[in-house]
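Protein chains: 4
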Amino acid sequence: MQKITILIHCEDQKAIIASVTNYIASIDGNIIYLDQHVDADENVFFMRLECEFSAKNWDLEAIKADFREKLANPFKMSWEIYTQEYKPRMALFVSKYDHCLYDILGRYSAGELPLEIPLIVSNHEDLKVVADRFSIPFHHVPFTKEIKEEGEKQQIDLLQQYEIDFIVLARYMQIIPPKLIALYKNKIINIHHSFLPAFPGAKPYHSAFKRGVKIIGATSHYVTEGLDEGPIIEQDIARVSHSHSIEDFIMKGRDLERMVLARAIKLHAERKTMVYDNKTVVFS
Amino acid sequence: MQKITILIHCEDQKAIIASVTNYIASIDGNIIYLDQHVDADENVFFMRLECEFSAKNWDLEAIKADFREKLANPFKMSWEIYTQEYKPRMALFVSKYDHCLYDILGRYSAGELPLEIPLIVSNHEDLKVVADRFSIPFHHVPFTKEIKEEGEKQQIDLLQQYEIDFIVLARYMQIIPPKLIALYKNKIINIHHSFLPAFPGAKPYHSAFKRGVKIIGATSHYVTEGLDEGPIIEQDIARVSHSHSIEDFIMKGRDLERMVLARAIKLHAERKTMVYDNKTVVFS
Amino acid sequence: MQKITILIHCEDQKAIIASVTNYIASIDGNIIYLDQHVDADENVFFMRLECEFSAKNWDLEAIKADFREKLANPFKMSWEIYTQEYKPRMALFVSKYDHCLYDILGRYSAGELPLEIPLIVSNHEDLKVVADRFSIPFHHVPFTKEIKEEGEKQQIDLLQQYEIDFIVLARYMQIIPPKLIALYKNKIINIHHSFLPAFPGAKPYHSAFKRGVKIIGATSHYVTEGLDEGPIIEQDIARVSHSHSIEDFIMKGRDLERMVLARAIKLHAERKTMVYDNKTVVFS
Amino acid sequence: MQKITILIHCEDQKAIIASVTNYIASIDGNIIYLDQHVDADENVFFMRLECEFSAKNWDLEAIKADFREKLANPFKMSWEIYTQEYKPRMALFVSKYDHCLYDILGRYSAGELPLEIPLIVSNHEDLKVVADRFSIPFHHVPFTKEIKEEGEKQQIDLLQQYEIDFIVLARYMQIIPPKLIALYKNKIINIHHSFLPAFPGAKPYHSAFKRGVKIIGATSHYVTEGLDEGPIIEQDIARVSHSHSIEDFIMKGRDLERMVLARAIKLHAERKTMVYDNKTVVFS
Chain A
1 MQKITILIHC EDQKAIIASV TNYIASIDGN IIYLDQHVDA DENVFFMRLE
51 CEFSAKNWDL EAIKADFREK LANPFKMSWE IYTQEYKPRM ALFVSKYDHC
101 LYDILGRYSA GELPLEIPLI VSNHEDLKVV ADRFSIPFHH VPFTKEIKEE
151 GEKQQIDLLQ QYEIDFIVLA RYMQIIPPKL IALYKNKIIN IHHSFLPAFP
201 GAKPYHSAFK RGVKIIGATS HYVTEGLDEG PIIEQDIARV SHSHSIEDFI
251 MKGRDLERMV LARAIKLHAE RKTMVYDNKT VVFS
Chain B
285 MQKITILIHC EDQKAIIASV TNYIASIDGN IIYLDQHVDA DENVFFMRLE
335 CEFSAKNWDL EAIKADFREK LANPFKMSWE IYTQEYKPRM ALFVSKYDHC
385 LYDILGRYSA GELPLEIPLI VSNHEDLKVV ADRFSIPFHH VPFTKEIKEE
435 GEKQQIDLLQ QYEIDFIVLA RYMQIIPPKL IALYKNKIIN IHHSFLPAFP
485 GAKPYHSAFK RGVKIIGATS HYVTEGLDEG PIIEQDIARV SHSHSIEDFI
535 MKGRDLERMV LARAIKLHAE RKTMVYDNKT VVFS
Chain C
569 MQKITILIHC EDQKAIIASV TNYIASIDGN IIYLDQHVDA DENVFFMRLE
619 CEFSAKNWDL EAIKADFREK LANPFKMSWE IYTQEYKPRM ALFVSKYDHC
669 LYDILGRYSA GELPLEIPLI VSNHEDLKVV ADRFSIPFHH VPFTKEIKEE
719 GEKQQIDLLQ QYEIDFIVLA RYMQIIPPKL IALYKNKIIN IHHSFLPAFP
769 GAKPYHSAFK RGVKIIGATS HYVTEGLDEG PIIEQDIARV SHSHSIEDFI
819 MKGRDLERMV LARAIKLHAE RKTMVYDNKT VVFS
Chain D
853 MQKITILIHC EDQKAIIASV TNYIASIDGN IIYLDQHVDA DENVFFMRLE
903 CEFSAKNWDL EAIKADFREK LANPFKMSWE IYTQEYKPRM ALFVSKYDHC
953 LYDILGRYSA GELPLEIPLI VSNHEDLKVV ADRFSIPFHH VPFTKEIKEE
1003 GEKQQIDLLQ QYEIDFIVLA RYMQIIPPKL IALYKNKIIN IHHSFLPAFP
1053 GAKPYHSAFK RGVKIIGATS HYVTEGLDEG PIIEQDIARV SHSHSIEDFI
1103 MKGRDLERMV LARAIKLHAE RKTMVYDNKT VVFS
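Chains as they are written, first to last, in our numbering: chain A, 1 to 284; chain B, 285 to 568; chain C, 569 to 852; chain D, 853 to 1136.
Treat the hints as calculated values from the structure; they're not laboratory data. Owing to the predicted nature of the structure, the values given are computational and were not obtained by experimental measurement. Take the hints with a grain of salt, since some may be wrong.
[As the list claims (entries may be wrong)] Covered stretches of chain A, as calculated for chain D (at least 3 residues, CB under 8 angstroms): (1) 92-103; (2) 107-118; (3) 243-254.
[To be verified] The calculated lysine-lysine pairs, modelled on DSS-like cross-linking and capped at a C-alpha distance of 30 angstroms, are: (4) C:Lys834 x A:Lys210; (5) A:Lys87 x A:Lys14; (6) B:Lys340 x B:Lys371; (7) D:Lys1055 x B:Lys487.
Glycine residues also receive a C-beta, built at the ideal position from the N, C-alpha and C atoms.
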């Protein structure tokens, strides 16, 4: 069996679901998952389908051509078709914090993530030892204000050389240059260690402690030019109390960061996220 | 605009979604919600749709006749169509605990529940004062082993007289007779004060305390003949610690019971639950 | 048996716990609960004790005098002693939203809250019907910019007449005058319908929806002059997704508001909160 | 500064707290944490203290002798004193599942766990590669019914050779022999992949799926001779729905298992757990 995932969004119109499901039926596909969402305010329709085809009917390029002509053009759809067998290629950007890196590489090694990790990039050498333990190529790309352009160029060269599909900032402590954001639009995932939009920017645990909150959080989001303002993919929280120090907040936060980032990576790699109007649709 | 909800389940077959959505499109309906589920083990297909029709096209009986002929019969569907304007009529069965009763009547009075409550039945007189506060008819129907048949008859008479669609046991401390269960199959909702299947039967908070659990729970389920064994609709939990007494468990549990029962009532009244094979499909 | 609760805070010093527990032992008291906290940054010590005395040893005024002389003065303590038999008197301020009001009165009637509610104050007449159902005195005190001083005077007169110990704003939609805040310092509890410090001020659910958050929250806090900036008592959250409308946020939020406000009321009435440096210590 | 943790339990009596805190004050110790609990049903008192001493007053053996004579003997206490500088030595027992192992070794390498891991024992060779990545000695000790005694002997020899303080079963799929349980009483931590006492024994995710629960859980507990019946240390849960397959349960469960086991390990290593009457007191 061949399995594909189809993502669609377009202006909401009558008979979209009927037309798409008719088409799948007409080529003997079997729909094993369908979820759709209408943003009533914006009048936008979103759909995610998973279909199976028996191998003998299988011609991906023919399906794509058909889909374009019969569905995408008439309905003016934005659309993508992914095969299950292709695993997206993810680059990890890290600095000095190692907890998210260990967590991601542990999950990857345990076979939990449907993706490839051909590349780790860092502005420091500290975490090379971790990359080595898991036998993943590690590239030290220094990045400071002074050598921003050189760093950016090196990063982009590496991403192209390794044919990277999306980037994960696993507590990478540098601003991403606009050019890279533009090249990987809605394909760079960051983990911020607060419950956004509370406490954007630096030292959110310190701010949370000072404010005396009873719950802390972490937020994974796609990177846009506005700092910590991109579309939110996933959030989670943990209870704290007066008895916890800033160090306790940071330690509890590490668990949140690991978990929330891992979920966002999985959702993205499984093609379950769509971005519209600085918000995400996250299919289950 | 007229709005209907359609629930379908049948053996999984090709082209069900296409056929149903085609039909809705053919009568100028607009699908505003569609969710479906395939139980791959049992090969059963479930779907819930909400559709809107402009008033001029609106003929519910014609739609039902059409649906039966064009869809339900060919696909051998079990199906139901509900209009949004009809509010299901709910009977509350209570004994002496008042916390769930206050919560439900408070929500009802605050306009949060899409249903009517024409009737409260109790095997004690204690809670008549609560029913009176909210001006809801209260009937005392004694129910003990000795007068079981008489009690059962009175209950069924009241349910018929008040044209009750479904029953909620808001901490009602009596076994429901099999005849009543059969009459209201998958239409009697109970709240059990444990995280089922842990601690079924009597005094679950005492058992939880004795076992030293770190989390307690509550479970709402449809009533079947097996005690606390019916299809689970909703569950939730609360953290406890060694510092909590049985009384603390009970007090924390009251919040769980209120919340979990209120959610189950809302899901049922909004036609978001389907039962199959002693499990529920709960659409979002 | 007589039971008292003692709350203490003072500069952190050696031997505070030993001195206090020695004293309790010396008068044949039995400590049934002791929790303490040291704010290491501010060097402040906090303690909460519950003690039991057999009736024959019981002389509250003598204990207070002793405590002042032997402990409070030498250690320069801020301190309070409460008897369990006195129930604090709470005023409810409401406007038009009824869900928190129903919830609080339901819990009160069900015997869950260790307090008295002798008074409901509102700037509208709408909720008189709810107060009447529960037979609680309701006073309509109009309050607008134009008649602010007159409103404030009426409020304070009522609070004094009914000997009110603390005030709960159950979705009361007016600013509290500074004079009232000063009179009831750390004794006015508000419920804000967001996860503070995110989304302070008006229409937080609308802002949360626009930002595309995946979790919404509610926050109970003591009222200070800064809008939504007072010491946080309790917070909780609920998951939301792209599939939820603003109306869904509001409906889910009602459950959060009810729950978080009820918990804060209970903590305050049980003397489990202490305020320091715009933060709370909340004993379990 | 030297820091010690004191754990005490004994029959509840008057003046215990006063006596202990007096003693600490008398030797110029500074109490930085004190929590106590009274099991009113069993009349047992539990206390955990952390104290700091300036280096010049520091004589651990003298403190222990004093403590025994002045406090432990008169009050008939069970007691332990730990220094912060000693890190307990933990052995990991694994079989073929690698997700908990990766998680623990990742946290260990990231410096989050206050313990040493000198030894990994497995009844299979599969996970040697993981141990090697983290440079931790791995011993293959075959263990089947037939060679139970030989296996048990090898295990105990290794535990003694490596001076192991406590054992963690990170999804180790073999029964622990009674002799080993007796040697490490309340010092063997297991992770069970259900919300105990629901679904003890084999294949709990399959049972949970069949029952149609809406929440799954994981439980860490000390190992006793009764299967999955030992004192519970920590539990947590995750929501599931009809849309999740058994494979989804298992995948979501892996996150629970990792998290709940990591928390239990940390609590044990930080001396925050006490066992009494098949239940745990877990200090915060």
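Each hint, compared with the structure:
{"no.": "1", "hint": "92-103", "result": "holds (count 4)"}
{"no.": "2", "hint": "107-118", "result": "holds (count 4)"}
{"no.": "3", "hint": "243-254", "result": "holds (count 3)"}
{"no.": "4", "hint": "C:Lys834 x A:Lys210", "result": "holds, 25 angstroms"}
{"no.": "5", "hint": "A:Lys87 x A:Lys14", "result": "violated, 34 angstroms"}
{"no.": "6", "hint": "B:Lys340 x B:Lys371", "result": "holds, 23 angstroms"}
{"no.": "7", "hint": "D:Lys1055 x B:Lys487", "result": "holds, 28 angstroms"}
Violated hints amount to a single one, hint 5; each of the other numbered hints is respected by the structure.
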